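Each chain, letter by letter, is given below.
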Amino acid sequence: MTADSSNAQHLFDGVPFEPGTSKNDPILVADNVRRAFGGLVAVDVEHLEVQRGAITALIGPNGAGKTTFFNLLTNFDEPDTGSRVFEGNDLSGVSAYKVANLGMVRTFQLTKSLSKMTVIDNMRLGGTGQAGESFFRALFPFMWRRQEAEITERADALLERFKLSHMRDEFAGTLSGGQRKLLEMARALMVKPNMVMLDEPMAGVNPALKQSLLEHVKGLRDEGMTVLFVEHDMDMVQEISDWVVVMAEGRIIAEGPPASIASNQAVVDAYLGSHHDSALDLEAD
Amino acid sequence: MDWGAIVQNSFRGFIGEPFIYFSLAAMGLNMHYGYTGLLNFGQAVFMAAGAYGLSMAVVTLGLNFWWGLLLGIVVFPLLLALIMGIPTLRLRADYLAIVTIAASEMFRIIARSPSLDRWTGSSDGLTAFANTFYDFNPFDKQKRYFFGLFIGNQMWVVLVGWIVLSLVALIVWMTMRSPWGRVLRAIREDEDAARSLGKNAYSFKMQSLMIGGIFGALGGMFRAIGTQSAQPQNFITDVTFFAWVALILGGAAKVGGPIAGAAILYGILNFTDVFLRQLVENDYIPESVMDGTQVGQVRFMLIGLGLILLAVYRPQGIFGTKEEMALDDR
Numbered sequence: 404m405t406a407d408s409s410n411a412q413h414l415f416d417g418v419p420f421e422p423g424t425s426k427n428d429p430i431l432v433a434d435n436v437r438r439a440f441g442g443l444v445a446v447d448v449e450h451l452e453v454q455r456g457a458i459t460a461l462i463g464p465n466g467a468g469k470t471t472f473f474n475l476l477t478n479f480d481e482p483d484t485g486s487r488v489f490e491g492n493d494l495s496g497v498s499a500y501k502v503a504n505l506g507m508v509r510t511f512q513l514t515k516s517l518s519k520m521t522v523i524d525n526m527r528l529g530g531t532g533q534a535g536e537s538f539f540r541a542l543f544p545f546m547w548r549r550q551e552a553e554i555t556e557r558a559d560a561l562l563e564r565f566k567l568s569h570m571r572d573e574f575a576g577t578l579s580g581g582q583r584k585l586l587e588m589a590r591a592l593m594v595k596p597n598m599v600m601l602d603e604p605m606a607g608v609n610p611a612l613k614q615s616l617l618e619h620v621k622g623l624r625d626e627g628m629t630v631l632f633v634e635h636d637m638d639m640v641q642e643i644s645d646w647v648v649v650m651a652e653g654r655i656i657a658e659g660p661p662a663s664i665a666s667n668q669a670v671v672d673a674y675l676g677s678h679h680d681s682a683l684d685l686e687a688d
Numbered sequence: 003m004d005w006g007a008i009v010q011n012s013f014r015g016f017i018g019e020p021f022i023y024f025s026l027a028a029m030g031l032n033m034h035y036g037y038t039g040l041l042n043f044g045q046a047v048f049m050a051a052g053a054y055g056l057s058m059a060v061v062t063l064g065l066n067f068w069w070g071l072l073l074g075i076v077v078f079p080l081l082l083a084l085i086m087g088i089p090t091l092r093l094r095a096d097y098l099a100i101v102t103i104a105a106s107e108m109f110r111i112i113a114r115s116p117s118l119d120r121w122t123g124s125s126d127g128l129t130a131f132a133n134t135f136y137d138f139n140p141f142d143k144q145k146r147y148f149f150g151l152f153i154g155n156q157m158w159v160v161l162v163g164w165i166v167l168s169l170v171a172l173i174v175w176m177t178m179r180s181p182w183g184r185v186l187r188a189i190r191e192d193e194d195a196a197r198s199l200g201k202n203a204y205s206f207k208m209q210s211l212m213i214g215g216i217f218g219a220l221g222g223m224f225r226a227i228g229t230q231s232a233q234p235q236n237f238i239t240d241v242t243f244f245a246w247v248a249l250i251l252g253g254a255a256k257v258g259g260p261i262a263g264a265a266i267l268y269g270i271l272n273f274t275d276v277f278l279r280q281l282v283e284n285d286y287i288p289e290s291v292m293d294g295t296q297v298g299q300v301r302f303m304l305i306g307l308g309l310i311l312l313a314v315y316r317p318q319g320i321f322g323t324k325e326e327m328a329l330d331d332r
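Protein chains in written order, with the numbering used here: chain A, 404 to 688; chain B, 3 to 332.
One chain only, chain B, in its complex shape (with noise of 0.2 Å):
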C-alpha cells in the first residue's frame, strides 16, 4: 500500500481544482437555496453561461480575454437569470425548478448541435482561450508546488481560485448580516409575510437569482480555464446535482457549509478512488469482488451510501445547526 500516495491525492481532491468549481457552484446554491428558499435545478447552465462566455468571446467573436471576462462573469448569467426568472418567479418555487433543469440541458444540446460548430464548437467545444491568464502565471511551470501537488499552471488557476472563493465567501457573509440578506431570509421563511411589510419579493428573488447565477458562472469558468475547454459534457446535469451534495453535505444557509461540503466531497472521492484502487492491485480486495475498472462506480455508491447516513444522522449537514432544522417540524 502507497499510503503516501493515498494522502497526496485525498489532499489534492480537498483544495484542487474540482474543489475550487464545485465550492463556487455551491456557493451559488447556497445563495438560491440556502438563503432564499429558491429551487435551481440547473446550476450546469449558470456554469455553462461561464465557461461559453468566455470561451466564445475569445474563441468566436476574437475579443480579448478582459471582455470575456465580463461576458462570462456578468453578461451571460445575469441574461439567463432573467430569462428564467421573469416567468417563474412570480410562480410557486417548482417552477423555477423546472424551468432550470430544462435550461441547462436545453443549453448542453443546443451547444453541441453540428450546425453550431461554427459559435460553439459543437461537441469538441472551444479551446484555447485562456493564454492571457496563463502569461500571468508567476510560477515556474515545469516546477511542482505545494508539497508537490501542483505544477507551475495548476498552482496559478489553484491560487486564483482560492481567492475567488475567499471574496465570494466575503460577499456572502456579509450581505447576509445586511438588510438585503435578511429579506431574502425572511423570503425563504415565507413569501406573502416578507409582501406584507412592504418588500418586492420578486424583486429580491431575481437579485438572489443572478448573484448565485454569477457564483456558478465563477465556477464553470475556473472549470474552463483550467483545462484551457469548454465543452458540452462538463455541464451534464450531475454536475449540477455534485453542487447540490457538496451544498447538503455542508450545510444549507451557511456561509461555510457549501466550501467544506465540496472540500470533503472530493476528498473523499479522491482517497475512495486511490484507495480502493490501491486495495485491488494489493489483491486484499479479491478480483471476483471488485476489479480495478469498478472502483470508479463503487466510489460513487459509497457516497451514496455516506448521504443515506448523513440524512439520517445529521439532515442538518456538517455544519448546520439542528435547532434550525428541529423548527421545520413545528
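Isolated chain A, as found in the complex (with noise of 0.2 Å):
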C-alpha cells in the first residue's frame, strides 16, 4: 500500500509513454500475440507488460480488438501464436479454469451472474480448492463442512463490503445490472486472485452505482492487487487508471499515464481517423 493511496503512479517511475515499453515490475507479459479470424487479423500485439500493483486501462475505438485480446490474456481464447507469461507461467496451452486458480481471475462484459443461485451460493462458489467439490467427499459432510463454514465466513464479509447483504439469500436472478456487477466483482475475489481482469465493468451501470464501482475497483489495488480493464467509459479511465494502453486495429498505438493520452496524436487520430482535420478530398482516394 502507498501512502497516497489514489494513484500507483510512482511504480512507473522511468517507463517511457511508448508502445510495448517495459515495466520496472511486469506481473503479466505478451509476446507476438497474433489472432485472427479467417483473413481478418484481430489482434496482432508485440509485446506487452501490465505493471503490478497498478491499474491500467486498455482502451481503443470500437472493433479495434480489445475484448479479443483481453480473451486471449485471460485464456478464455487460444492465440495463433505468441506467447503470455503470468508471474513466471507459461500460458500456452493451459485451461481457462487454471489460470483461475494461478491466481487471475477475470468477468465478463455481459455479467454473468448465476440467476437461479442464490446470491451467497455464487459467492460461494468463488472459494477455491474445495474438499466438498468431489463426488465422493460430497456424500460425507463431515469432511467439507468447516471448510464451508470458512468460505461463507468469508463471503458474507465480501458481501457487507460490496453491500450486498441484504440479497444473501435471494436468486441473483433478481438484482439489478449494477448490483450484479458488484457481485461479479465481490465473487471474484473469492478466488484471492492476485489480478483481476475486468471487461467492460461500467457498462450498463447506472450513474448513482457508478462511483461506488469506481470506489471497490480502487479498493482492489489498495489491497495489492493488480488490475486491468477493458472500458468505454473515459470518465472512469481519467479517474481511476495509473496507466492506460491504447489499441487501434489491433495494435498497441499508444501507452502512458491517463494524462498523456488524451494528447497524444497517434489516440486521436485512431479514434477520429487520420483526416479527422483535414478537408475531405474525395479525389484522393
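Rather than coming from a laboratory, the hints here were simulated on the basis of the structure. Among the hints, a few may not be true.
[Claimed, not checked] Now the in silico label distances, taken between C-beta atoms and shown as ranges: (1) A:Asp-638 to B:Asp-194: 25 to 31 Å; (2) B:Asn-133 to A:Glu-481: 53 to 59 Å; (3) A:Phe-545 to B:Ala-328: 55 to 61 Å; (4) A:Glu-573 to B:Tyr-97: 45 to 51 Å; (5) A:Gly-417 to B:Met-176: 55 to 61 Å; (6) A:Gly-423 to B:Pro-317: 51 to 57 Å; (7) A:Ser-568 to B:Glu-325: 16 to 22 Å.
[Stated by the list, open to error] With the C-beta cut set under 10 Å, the calculated list includes, among others, these residues of chain B facing chain A: (8) Met-178; (9) Ser-180; (10) Asp-192; (11) Ala-196; (12) Ala-255; (13) Arg-279.
[Claimed, not checked] Far from chain A, by Cβ distances over 12 Å, these chain B residues were calculated: (14) Ala-105; (15) Leu-172; (16) Ile-213.
As the structure is a computational prediction, the values presented were derived from the model and not from experiment. Think of the CB as a built atom: it goes at the ideal place given N, C-alpha and C, for glycine as much as any other residue.
Hints are included, so try docking the two chains, each in its own frame, into the full complex.
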C-alpha cells in the first residue's frame, strides 16, 4: 500500500510513454500475440507488459480487438502464435480454469451472475480448493462442513463490503444490472486473486452506482491486487487508471499515464480518423 | 363399471415396475439436464447398458450375477459416458444431444443384428440371467402381496426397486446440497462463469454424465431383471422420451420431481387404460367413436393433451417453483 492511495503513478517511474515499453515489475507479459479470424487479423500485439500493483486501462475504438486481446490474456481464447506469461507461468495450452487457480480472475462484459442460484451460493462458488467439490466427499458432509463455514464467513464479509448483504438469500437473477456487476466483482475476490481482469465493468451501470464501483476497483489496488480493465467510459479511465494502453486495429498504438493519452496524436487519429482536421478530399481515394 | 379394478390398476401404475425404472431413468436425466444443463436425448442407451451389461455378463460371458451387476452398473455406463462425452462435452450442449440420440439408436440396431446373435441374442435378446436375484426372494411366489397388487416375484423386484430408488434420491439430495452440486448448477447457469472461477467445467460435466448414466443403467437393469429378459425393442427412443416426460411433469432440478413425475405418468396411463376400456365395454362410449383396440393409442393422446396443458399453465412442472422459472425471462 502507498501513502497516497489515490494513485500508483510512482510504480511507473522511469518508464517511457511508448507502445510496448517494459515496466519496472511486470506481472503479465504478452509477446507476439496474434489472433486471426479467417482473413481478419483481430489482434497482433508485439509486446505488452502489465505493471504489478497498478490499475491499467485497455482502451481503443470499436473493433480495435480489445475484447479479443482480453480473452487471449485470460486464456478464454488461444492465440495463433505468441506467448503470455503470468507471474512466471507460461499460459500457452493452459485451460482457462487453471488460470483462475494461478491467481488471475476475470469478469465478463455481459455479467454472468448465476441467476438461479442465491447470491450467497454465487459467492461460495468462488472459493478455491474446496474439498466438497469431489463427488465422493460430497456424500460425507463432515469432510467439508468446516471449510464451507469458513468460505461462507469470507463470502458474508465481502457481501458486506459490496453492500449486497440484504440480498444474501435472494436469487442472483433478481438483482439489478449494477448489483450484478458488484456481485461478479465480489465473487471474483472469493478466488483470492493477485490480478483481476474486468471486461467493461461500467457497461450498463447507472451513474449512482458508478462512483461506488470506482471506489471498489481502487480498493482492489489498495489491497495489493493488479487490475486490468477494458473500458469505453473515458471518465472512468481518467479517474482511476494509473496507466493506459490504447489499441487500434489489433495493435497497441500508445501507452502512458491517462494525462498523456488524450494529447497523443496517434490516439486522436485512431479515434477520429487521421484526416479529421483536414478537408474531405474524395478525389484522393 | 368395475371401480375396484380401476383403482387397483391405477395404483399399480403409481408404484409398480414401470414407475421404478422410469423414475430411475428420469433421475439420471435430472442429474444431466436439471442440475447440469446437459441435453441427453439418449437415456435409453444408458438403460440398455444396464440391461445388457448384466445379461451379457451372465449369458454370453458365463460370469456370475455379481460380476453382471458390476458390468451393468459401473463398467458399461462409464464407458458409454466416456465415449459420448469426450468428443462433445467441450462443445455446445446440442452436440451431446445429437450424439446421445444417435448412440442410443446405434446400440439398439447393432444389438439386434443377426450377425451378433452369439453375443446379444439379436432381436430375441437374452433371457434367464437373473435367477440369482430371485434366489434371494423372501416372498412366497404363489401369494399376492401389498393389497394384492403384486405376486411374490414382482413384490421382490418392486421392493428392491423402492430401496434403490430411495438410495438414489438420497445421493442426489446429498450431493446437490454440497459444493459439488453447487458447481454443477453453476455450469448449468453459465459454464464460462464457472470456468472463470477456477472450476474444471469439462470434468464436472463428465462426472454428471457418468452418474446420471449410472442411474439410467439401474433403471434399465430393473426392467431386465423384472422380465428376466433384455431385448433391443425395450430400448427404443420412446423410452428416452417417457423418461423426459416424467422429468418435465414432475419438475426438473427437484429431487422428488422425476419420482413424482414417473408415478403420475404411469398412474394416469394405467388409469386411462382401464377406465376407457371399461367405458367401451359398458357402452358408455359407442363403438362408432372408439373401440377397445384403440384405447392404447387414445390414452397417449390424453397424456399429450395433459402435457400441453401443463406447458401452458404450469411450465415449471408439478414440483418446480414459479420464481425460478420466471428468472429465465430476465
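Hint-by-hint comparison with the structure:
A hinted range of 25 to 31 Å holds for the C-beta pair Asp-638 of chain A and Asp-194 of chain B, which are about 29 Å apart. Roughly 56 Å separates the CB atoms of Asn-133 of chain B and Glu-481 of chain A, a value that falls within the hinted 53 to 59 Å. At roughly 37 Å, the beta carbons of Phe-545 of chain A and Ala-328 of chain B sit outside the given window of 55 to 61 Å. As the Cβ distance of Glu-573 of chain A to Tyr-97 of chain B is approximately 34 Å, the hint placing it in 45 to 51 Å is violated.
For Gly-417 of chain A and Met-176 of chain B, the Cβ-Cβ distance of about 59 Å falls inside the hinted range of 55 to 61 Å, so the restraint holds. Our hint of 51 to 57 Å for Gly-423 of chain A and Pro-317 of chain B holds, since their Cβ atoms are close to 55 Å apart. Roughly 21 Å separates the CB atoms of Ser-568 of chain A and Glu-325 of chain B, a value that falls within the hinted 16 to 22 Å. Because the beta carbon of Met-178 of chain B sits about 9 Å from the nearest beta carbon in chain A, less than 10 Å, this interface hint is met.
A distance limit of 10 Å between C-beta atoms decides the matter here; for Ser-180 of chain B the minimum to chain A is near 4 Å, and the interface restraint holds. This hint holds: Asp-192 of chain B has a C-beta 5 Å from the nearest C-beta of chain A, less than the 10 Å allowed. The restraint placing Ala-196 of chain B at the interface with chain A holds, with a minimum CB-CB distance near 7 Å, inside the 10 Å limit. The interface hint given for Ala-255 of chain B holds, since its Cβ lies 8 Å from the closest Cβ of chain A, which is under the 10 Å cut-off.
At a threshold of 10 Å, the smallest CB-CB gap from Arg-279 of chain B to chain A is about 43 Å, leaving the interface hint violated. Every C-beta of chain A lies more than 12 Å from that of Ala-105 of chain B, the closest at about 23 Å, which supports listing it as non-interface. A cut-off of 12 Å between C-beta atoms contradicts the statement that Leu-172 of chain B is not in contact with chain A; the least separation is 9 Å. Ile-213 of chain B, annotated as away from the interface, has a beta carbon of chain A within 12 Å; the closest lies near 7 Å.
Hints 3, 4, 13, 15 and 16 from the earlier list are contradicted by this structure; the remaining hints agree with it.
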